[in-house]
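Engineer: Next come the chains, spelled out residue by residue.
4 protein chains.
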Amino acid sequence: MLITMQPDSSAGDHESVRMSLRMRGLECHSISSSGTAAIAVTAGKVTPELAAELGLLNGVAHVRSTARPYLLAQRAARPEGTIVNVSGVRIGGDEPVIMAGPCVVESLEATIAAAQAVRRAGATMLRGGAFKPRTSPYSFQGLGEEGLRILAVARDLTGLPVVTEVMEPEQVDVVAAYADMLQIGARNMANFPLLRRAAASGKPILLKRGFSATIEEWLMSAEYILAGGNDRVVLCERGIRAFDNSTRFTLDLNAVPLVRDLSHLPVIVDPSHGTGRRDLVERMSMAGIAAGAHGLILEVHPDPDSALCDSAQTITPATLASIVSRTHLLTAALNPLAEPMIPLAAD
Amino acid sequence: MLITMQPDSSAGDHESVRMSLRMRGLECHSISSSGTAAIAVTAGKVTPELAAELGLLNGVAHVRSTARPYLLAQRAARPEGTIVNVSGVRIGGDEPVIMAGPCVVESLEATIAAAQAVRRAGATMLRGGAFKPRTSPYSFQGLGEEGLRILAVARDLTGLPVVTEVMEPEQVDVVAAYADMLQIGARNMANFPLLRRAAASGKPILLKRGFSATIEEWLMSAEYILAGGNDRVVLCERGIRAFDNSTRFTLDLNAVPLVRDLSHLPVIVDPSHGTGRRDLVERMSMAGIAAGAHGLILEVHPDPDSALCDSAQTITPATLASIVSRTHLLTAALNPLAEPMIPLAAD
Amino acid sequence: MLITMQPDSSAGDHESVRMSLRMRGLECHSISSSGTAAIAVTAGKVTPELAAELGLLNGVAHVRSTARPYLLAQRAARPEGTIVNVSGVRIGGDEPVIMAGPCVVESLEATIAAAQAVRRAGATMLRGGAFKPRTSPYSFQGLGEEGLRILAVARDLTGLPVVTEVMEPEQVDVVAAYADMLQIGARNMANFPLLRRAAASGKPILLKRGFSATIEEWLMSAEYILAGGNDRVVLCERGIRAFDNSTRFTLDLNAVPLVRDLSHLPVIVDPSHGTGRRDLVERMSMAGIAAGAHGLILEVHPDPDSALCDSAQTITPATLASIVSRTHLLTAALNPLAEPMIPLAAD
Amino acid sequence: MLITMQPDSSAGDHESVRMSLRMRGLECHSISSSGTAAIAVTAGKVTPELAAELGLLNGVAHVRSTARPYLLAQRAARPEGTIVNVSGVRIGGDEPVIMAGPCVVESLEATIAAAQAVRRAGATMLRGGAFKPRTSPYSFQGLGEEGLRILAVARDLTGLPVVTEVMEPEQVDVVAAYADMLQIGARNMANFPLLRRAAASGKPILLKRGFSATIEEWLMSAEYILAGGNDRVVLCERGIRAFDNSTRFTLDLNAVPLVRDLSHLPVIVDPSHGTGRRDLVERMSMAGIAAGAHGLILEVHPDPDSALCDSAQTITPATLASIVSRTHLLTAALNPLAEPMIPLAAD
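Protein sequences appear in the order of chains A, B, C and D. Numbering follows the working numbering, with no gaps: position 263 of the first sequence is 276. Numbering follows the working numbering, with no gaps: position 72 of the second sequence is 85. Numbering follows the working numbering, with no gaps: position 325 of the third sequence is 338. Numbering follows the working numbering, with no gaps: position 246 of the fourth sequence is 259.
Quick caveat, the hints were computed from the structure, so don't treat them as lab data. Note that beta-carbon positions come from the ideal geometry of N, C-alpha and C, so glycine has one too. Check before you lean on any hint, since a few could be wrong.
Covered by chain C, per the in silico footprint, the following chain B stretches (three or more residues, Cβ under 8 Å) [stated by the list, open to error]:
(1) 198-206
(2) 222-230
Restraint ranges, calculated between C-beta atoms of paired labels, are given here [what the hints assert, rightly or not]:
(3) A:32 <-> D:158: 30 to 40 Å
(4) C:318 <-> D:61: 24 to 34 Å
(5) D:100 <-> C:77: 47 to 57 Å
Let the sequences and hints guide you as you build the complete structure.
Structural biologist: This is the structure:
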């Protein structure tokens, strides 16, 4: 059951609805922002009589039952879409956002050089790993907090907000202290304790799709964050595991228009991990934007062949610059017409 | 082993090379056209001495060994790319080609109406099924030769060349008698007797990727046709089978830049089958073009909800018109820059 | 709609039911044998009144509507199960059947030697390829009719019935002239013209599952054969395509109890193709039998390392002998208890 | 590089080897137990000269380079196999171990009743969830520590050692305080911080395979635990994600002989999650044992239809009793012959 509030409803109206629900023993969660609010009943039975009664309360626009298990993440909870503001960079609007940087923070000098190259190429956010999930216990696991400090310095010098991965609940506080946005990696998409703790930080969260997660499972993970009171979630498609090993993963661009239809959350794509091959990154970046993505996240290194990790999928700053300028051209060509391409689902 | 001829080499030069090979008991196949020719040694051992000797023959540009099992289909056999001419429509050049039409030929009137709508919307080829592979033996299996006659009438009235599926070797002659291009469906990609017979027809062939074929298997199926002396092959990505059933198939756009890199053959995409959902077709069409596809094939019906098959993935002529015009905008925005996006593989 | 006849109903009773249906413009197909018969209405609407009326006809046991698209292949059409007799070898009963032989027929001498080794090891049918579907047009494609003649000689010398693959409709007659059972390969599971022609031969048919076919698609392909009037169909699970390339394919044993539950047709497994690794064949053979398979089909060669194809997955006659004897031990241990392990679906 | 010690080597011999390595700046990890020890060089370059020198040290059996990234988990590190003792239950020997119990701990009474039913049916370990990873934030998430206390009571009453899931690093201590064995769930197979913390507890660990993890990734996760100084690891195959949704997951029994070949660690299978259908559980249990599994883990409930979670895949105690007795029959039939079925990899 989803209760949508009128645009001009007040905080008091919201509270009245919530109190009505609680008095009847129902549990509810809500998302709200300037403009829209929705309240989802997450446990307990809403009778038709109660639904009718709720519809008469001040400020209530609609009371509807819904077949989708992701109540707060569904498009109907905020039909106009969500824009996530990351230290001034707006994700979810008409202008795609490009995040770029090295796979892993290697040193202060290298990171500053990379960040400056990224900024010169026209990207607007910096990515880089301080805590790295590595398949082998014997591989370099990242610089940890030292890496976070380096990223913060790079941000201060370039003005680029930083997104970096957090791997376990106990790391959330320290990562949140340095980074502008927390990344939940693909392997942790269903790490529910981590999702809860990250939600509680109040930070914007980049939620990567697990490489064999269904669209519904992905949106349920977003729901964990929204139900935790944090609606600053950006989805990221980063490739699924399929049967052909000519690419490392298979970037699933079908997911882009699909989640734009199903959810109000912004969605970006990661062609670096999605293909694992640097020669495919530019084409798949264009394809991602044309599919409707709100941005890209890319692995870039001044000298890709010497990168400490993910070398095969890392592009040069020159390629990044080309992607940035083509993204603008492509957006300008398609944008005036973009809206009707994503019809709202009838549900 | 692949022997590439010089652009200005003569037919006699080619024949000399082939004779040299045959005299030594080696088997070879070749592709040629105005501009380029390549000869592949497909059985027998080429010693370094023989390779050196062949390199000295008149008209020979390169003699190289190759790790790829698809000899004639590989990019190096025709680095400048192949353009397939289908009754005047050129596939493989800068301008994407849009093929559209109903899933199945239902009647003469409906097909003429559909073809006219398709032409008005700006598409340049007509698709439609006369012989239909159906999962159930009890489903409508198409009108057969009567359907082919109807397609031919629709072509004559609209000027749109016709592509239609052929399902078994014995049907090749009759389909070739009516159609401008033969389609090999996804379920028949590895139907080798059919590939051989279709190759022998000399007709242009649209070779769909099997829904769980690797890129290499797909190119090996193209190799069957090329080795049969027919180089008029257009590849078509139409969706792979993955784990999430929120779409019917998963359109794999990674395949587009990948096969453009690996092969000289043109490649188009089929977002109708690739997604199975009409609300995703337009976005995925744009993504396909941005990924570098040489064209699209789309299921269109004046009244999609009443279509006899594939209704859920069929778009209206109005959506087709929108796709055609956006394809032009997108191509104009990206094309001047397109070349460097597909770097030639080092091999 | 499925009409099941009483065990003691007569041919005349069946004909009366079919005539009743045809007179009302309904289409029907049937399977019958000593003991059971079922008639499926495959086109047209059966009203509740008609259903009630049909239920009163002589010899009719049940009239039921069914949600399954495979009408004749479903378990309810022959609850006691089908036994397919291949020149005296019964497939589908309590005793598992072991088919074995080389991937491809190489020569008369080698084939006779292999067949004798197979018989000595205790297998009861001979497999071997005369027409081979090969990924590369340049690979050895089998000896063709000469290979069929060799297989027939090997059968005559050893008494082992022969199963061999048929790849295209035009080959059905010649293969049927020599072989005891026709194999439809995985790549041809959805080659509907081939299924129809093979059905018409009246021969027993081994229908391999396509490597990315769903269970339902597989049973629909069986339905093509049953609807063609041939109920001598044995299903064969031979591995699906999954994401891990540490095995060539992934033998899907879940399919075995599942199709035994859904269908009355016998099912065997092919651990050679299903794993692609000879060191896994014996264990997976045992697992297949324990899962409920009615038999195995195995690639065997006196000297596996010198086999012309599929060498990596080919076992020795000694391993085959071990598999045969363990199959008997395992069947003896589990069989008295086997029935309750496969409960009939409620539908 | 892997250094295997002689069976009669002393702790001092081991220490000498480790010191030799450290003095040269190389990093190493080791596993040891009565009978065997192996030392893996995990960082730094071993020259042929050093390898030869190490081979001469007291107690060293072999010094070999290895292509496998999982050094301590590979079969060569302990060729005779590992037996994990869980409070007296030995996993990895000739006798399969059956773990069974409810999906989730519902109440004290229900858990005691379930545990007693499980013991009566002949199983030797109790499973049950106190902390539950749930796709929805609104679903019941388990009783937490209260659930652990209940499991401990059930163990004390029945004598069955308890295995239960731990979901995050911070839970390891509390779960280890109550449980006999820690389960790492499929969604957490690549949760590396959790693996490290669980390893440090010293407790036996049941490591489920991620549902789209390759065999190599799975063994690398085991390597994290072994490198953390804990060799009490039991692997568990629980179904992979494939394309057919007629089962919830696809139990991949190929993994069983494969990991027995590649690794010395015991491996069990989970047919409940692996199929998601209770009517397939018994057959797939038999198949798992026949494939070589060292045990089974099964969801059982006195009244499956009323179970709070996973009802569709939960069997009755009567079915469990049938599985236990058939497991004995099957093991008795196959065991005397079992060894040669799993040949040691040549590596």
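Engineer: Could you run down the list of hints and mark each one as holding or not?
Structural biologist: Here's how the hints hold up against the structure:
1. 198-206: It holds: at least three residues are needed, and the stretch 198-206 of chain B offers 6 whose Cβ sits within less than 8 Å of chain C.
2. 222-230: holds (count 3)
3. A:32 <-> D:158: 30 to 40 Å: 32 Å, holds
4. C:318 <-> D:61: 24 to 34 Å: 31 Å, holds
5. D:100 <-> C:77: 47 to 57 Å: 53 Å, holds
The structure meets every hint from the earlier list without exception.
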